[in-house]
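J.: Make a model of the complete structure from these sequences and hints.
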Amino acid sequence: MSVASLLTVRGRFSVTVGQDELLLALQRGEDDAFRRIADTELDGLYLLAYRILGNRTDAEDVCQEVLTKLYQSARTLRSGTVLRAWLRRVCVNCCLNMRRRSRSRAHPDPYAEISDDMPSGDDTDETVADHAFRAAVRDALEQLSPRQRATFVLRHFQECSVKETADILGCAEGTVKVQFSRAVLRLRGLLHDWYDVPEEGGHHAALPPSAGPVG
Amino acid sequence: MRRCRRVLDLLGDYLSDGLDARGQRLVRSHLAECPRCATEFRASRALLSRLPSERAETAPPEVKARLLAAVRASRRPAPSFFRPGRVGWGLASAAASVAAAAVLLWIVQPRPTPGATREVQANFLPTPVPGLFHPRPPLPSAAPAAPQAAAAPAATRLAPVASTRVNRHSGGPREDQPAKPEPPEATPAPAPESVSPEAEEALVAPTPAGPDDATLLPAAE
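Just so you know, the sequences run in chain order A and B.
Per the working numbering, the first sequence runs over residues 1 to 215.
Per the working numbering, the second sequence runs over residues 1001 to 1221.
What the hints contain is simulated information worked out from the structure, not anything from laboratory work.
In this text, a Cβ means the ideal position worked out from N, Cα and C, and glycines have one as well.
Please note that the accuracy of each hint is not assured.
To be verified - Keeping only pairs whose Cα atoms sit at most 30 Å apart, straight-line, the calculated DSS-like set for lysine-lysine is: (1) B/K1064 <-> A/K69; (2) B/K1064 <-> A/K163; (3) A/K69 <-> A/K163.
As the list claims (entries may be wrong) - Now the in silico label distances, taken between C-beta atoms and shown as ranges: (4) B/E1033 <-> A/C171: 27 to 33 Å; (5) B/A1096 <-> A/D31: 23 to 29 Å; (6) B/R1036 <-> A/Q64: 45 to 51 Å; (7) A/E199 <-> B/L1068: 44 to 50 Å.
T.: Laid out in structure tokens, this is it:
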């Protein structure tokens, strides 16, 4: 056994012990443990929910739902549960459920654009463009299927590994890879006005950069 | 063509380091020989670099504050405390048994000596409140007595009287039997101002042993 593998084993061990201690503290009903988890995980959960749902109000609702669920099911969590992955899984499920519920509505939140992406009066051209870009990204994500969107958000925005993403979404790793790559292709087509494809030297230089999706 | 399709499916993960060594080799070698996929690769890379990761980003502070406040509020009702099988139930049952013991004591308490029961009951029955809280009666009797004229001095003088009476009661429950009659006579007597000073003297003086009391009073103060 090499030193490096020993270190990784030790590192992993200490991580799970830390998580387990937090989980145990949570199961004992310690307010402090709950608050610590909420404090550290809320940022990621909120951004995840926001990217999947596309508006702040729903994202906040989902976060609250997730924390409630954490509190309710804290006692039934097995030791060794990776809290972060568990929370993300619950969060994604809540988001997908919410979208399913709100599909009957014509537009999820008519004021989302105003509150989130509208530039305010004193913004510079740059920030106006930035707002427009963010709105475009949000609309493009909206075009993906929910699972694709969740995969893309987890893999790209949240930098989860393939395995983590598969765990969170409850699917095979191969599915994650395919979904992610297709999401990227789809987004390229939807956002092609917003980025430049650099010409590259070498024998590929002659080829025109294609921004559209490839079937 | 089938190979291109497979590589395109792996491209995203190739770009975000999601492939193992074998997958990376496979994609890299294909990109080197397939210009079309190489273009795809560059375009995807350009897009992803345009969308920065949000791993280090934080939720808006006001949102986070609201959510944490909601957490705190929802936690307050303290289900953790009354969770079955936890300390909470122990505490709850302890509190319940203490309450039961208090009730029992209260029931048993009014019969300290067997001989006294009839008298005590006789005292209690007609006027339950003055019987239970004996020290009280003089106060209401004097309070209406001192309404308009000598309100302040009467009150100041009443205070020590009341305290001495309380002391005596706590000392001997037997001795206040003779003092019992006064509450009925004091309360119905609505005699206004003139009663207050003399009534106090009367209340203090006739009770058990005059001289003893006189010596007791300064000692108590």
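J.: What hints, given by number in increasing order, does this structure fail?
T.: none
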